[in-house]
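Enquirer: Chain by chain, the residues:
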Amino acid sequence: MSVEYSPVLWNRQKKRYDLALLGFVALYFILFAGFHLWLHPSTSPESLIIRSTATLAFLLLHVILVIGPLCRLNAAFLPLLYNRRHLGVSMFIIALVHAIVSLIQFHALGDVSPLVALFTSNPNYDSISQFPFQIFGFFALLILFLMAATSHDFWLENLSPRVWKALHMMVYVAYALIVLHVALGVLQQEGVPLGATLLGVGMLVVVGLHVTVGLKTDTNESKAIGNAKEGFVPVCSLEEIAENRAKVVILAGENIAIFKYDGKLSAVHNVCKHQNGPLGEGKIVDGCITCPWHGYQYLPENGQSPPPFTEKVKTYDVRVDGGTVYVNPKPHPEGTKRPPAVIA
Amino acid sequence: MILRFRKRHRAMWLLIGVLLPIAFVTALLARPGEIETTGTQLNPLSTQVLKEAATTPALDAWVTKDDLNNYYLEIDYKETARHPLATFYLGPKEEGKLDTYRLLGKVEAQGRQRFTLDSLAVAGGRQYLLQYDPIRKEKIATTALTMQ
Numbered sequence: 001m002s003v004e005y006s007p008v009l010w011n012r013q014k015k016r017y018d019l020a021l022l023g024f025v026a027l028y029f030i031l032f033a034g035f036h037l038w039l040h041p042s043t044s045p046e047s048l049i050i051r052s053t054a055t056l057a058f059l060l061l062h063v064i065l066v067i068g069p070l071c072r073l074n075a076a077f078l079p080l081l082y083n084r085r086h087l088g089v090s091m092f093i094i095a096l097v098h099a100i101v102s103l104i105q106f107h108a109l110g111d112v113s114p115l116v117a118l119f120t121s122n123p124n125y126d127s128i129s130q131f132p133f134q135i136f137g138f139f140a141l142l143i144l145f146l147m148a149a150t151s152h153d154f155w156l157e158n159l160s161p162r163v164w165k166a167l168h169m170m171v172y173v174a175y176a177l178i179v180l181h182v183a184l185g186v187l188q189q190e191g192v193p194l195g196a197t198l199l200g201v202g203m204l205v206v207v208g209l210h211v212t213v214g215l216k217t218d219t220n221e222s223k224a225i226g227n228a229k230e231g232f233v234p235v236c237s238l239e240e241i242a243e244n245r246a247k248v249v250i251l252a253g254e255n256i257a258i259f260k261y262d263g264k265l266s267a268v269h270n271v272c273k274h275q276n277g278p279l280g281e282g283k284i285v286d287g288c289i290t291c292p293w294h295g296y297q298y299l300p301e302n303g304q305s306p307p308p309f310t311e312k313v314k315t316y317d318v319r320v321d322g323g324t325v326y327v328n329p330k331p332h333p334e335g336t337k338r339p340p341a342v343i344a
Numbered sequence: 001m002i003l004r005f006r007k008r009h010r011a012m013w014l015l016i017g018v019l020l021p022i023a024f025v026t027a028l029l030a031r032p033g034e035i036e037t038t039g040t041q042l043n044p045l046s047t048q049v050l051k052e053a054a055t056t057p058a059l060d061a062w063v064t065k066d067d068l069n070n071y072y073l074e075i076d077y078k079e080t081a082r083h084p085l086a087t088f089y090l091g092p093k094e095e096g097k098l099d100t101y102r103l104l105g106k107v108e109a110q111g112r113q114r115f116t117l118d119s120l121a122v123a124g125g126r127q128y129l130l131q132y133d134p135i136r137k138e139k140i141a142t143t144a145l146t147m148q
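Which chain is which? The protein sequence lines are A and B, in order.
For the first sequence, the working numbering begins at 1 and goes up steadily by one.
For the second sequence, the working numbering begins at 1 and goes up steadily by one.
Chain A on its own, in the form it takes in the complex (with noise of 0.2 Å):
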């Protein structure tokens, strides 16, 4: 579904996305090599894959959690969020290696299954210091393999969007469980203080960025609420919408775009059909709007998909008065013609 994006598939951009990815990581487990034997000669092969791959999966979960508000932000982030997928599959792959060694290497030399002793042989439930914080790792890369198994297009029409969303939502409690397992593990043996800082440092900036986006949007949508009149809300000026780009606001607790283009202005719901895509993050692309996740289309006039595609979604309707654009936040049925604002 897309003219100019081919959606779901290794189109240019995601190849050389991939390749960037993978150059990134072999240069990572490069250096961490180098610096670690420099610093621990005599570590072994084992404590090494055991090392490299926590960090770096820890480092890409970061990096994967803090694009989404980066892109509300800032625009220019945009081709990460496009991207985020392979590197979610990528980060997933990484830790997976390092839960198969770790378990291998402290585990299976016992006589019971390595996953039961995982369990069972640290029975220090009690203690915070000596708690077995194997079993955080052990949740958090279950929800991570749910995700990357149905991080395919075919899950995603399986299982409905909504499904999807709300099971790939739970990527912020493996993040918290993560959080647990490295406080729990490695800071308590080692007690490193670089390690700390760092962990309490990526946590800030996570939690930082996801609640500050937050609230900025509770904030915007009260003020525009309060200046309503004859139920078209103000919600910005003309200025501030770049040619074939969308200002996204928030009214009645919808999310709405509003898209500028060929001297008009046209409003539609800012959630994909496909995927709830941020419609709004995406831009003009041969007369539609064009989401930034996986290229699905719709004309603004009326939020359909241009045939022989069926997708639609909700339309509104937008007013320019004086350089300021305002916005009625009563919806239209999905796929309803309204006419757009001329721009005088």
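If you're looking for bench data, these hints aren't it; they were derived computationally from the structure.
Worth double-checking, as some hints may not be accurate.
Pair by pair, the computed Cβ-Cβ distance ranges are [said to hold, decoys possible]:
1) A:M170 - B:T116: 49 to 59 Å
2) A:V201 - B:E108: 46 to 56 Å
3) B:F5 - A:L59: 22 to 32 Å
Derived coverage of chain B by chain A (criterion: at least 3 residues anywhere in the stretch with Cβ under 8 Å from a Cβ of chain A; other residues may be distant) [to be verified]:
4) 57 to 70
5) 86 to 95
6) 136 to 143
Just so it is clear, CB atoms sit at the ideal spot from N, CA and C, and this is done for glycine as well.
Starting from the known structure of chain A, arrange chain B on it as the hints suggest.
Expert: Using the frame of chain A, we list chain B on its own:
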């Protein structure tokens, strides 16, 4: 995101934003610290000190002898051990292959430990106490010992 997910997203991050820092600080505070030792006097009934072999921030060590002329290396490990698999080895060189060292025994989490010495080690002058993790194959620390 649709309204329901946006609300869920906000609620999850507010919850994580409150609970995770609390858990993080709690974990930091729970880290094992140094254990206060109750002095360095050895048990007078067991052995007599021949030589104070080492005094470092991590440990104190003495060469001792009992009434039957058995020699010992007594180690007062002042920090709580953070390597559960660490093992003490004794060897003549600071750096060298593990098979050139003599196995003394496992490092206990804290407190004073005693290891039997052979007369060659006592006569060797300078020896090196190696703390080594045999599972991870990692050297943890080396301490120079003055045996005579």
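Enquirer: Each hint needs a verdict: does it hold in this structure or not?
Expert: These are the hints, each one checked on the structure:
Between M170 of chain A and T116 of chain B the beta carbon distance is about 56 Å. The supplied range of 49 to 59 Å therefore holds. The hinted window of 46 to 56 Å between V201 of chain A and E108 of chain B is violated, with their beta carbons roughly 36 Å apart. The hinted range of 22 to 32 Å is satisfied by F5 of chain B and L59 of chain A, whose Cβ atoms lie roughly 26 Å apart. Here the stretch 57 to 70 of chain B counts 0 residues with a CB under 8 Å from a CB of chain A, which misses the bar of 3, and the coverage is violated.
Interface restraint, the stretch 86 to 95 of chain B with chain A: violated (0 residues with C-beta to C-beta distance below 8 Å; minimum three). Using a Cβ-Cβ cut-off of 8 Å, 4 residues of the stretch 136 to 143 of chain B lie near chain A, which meets the minimum of three, so the contact claim holds.
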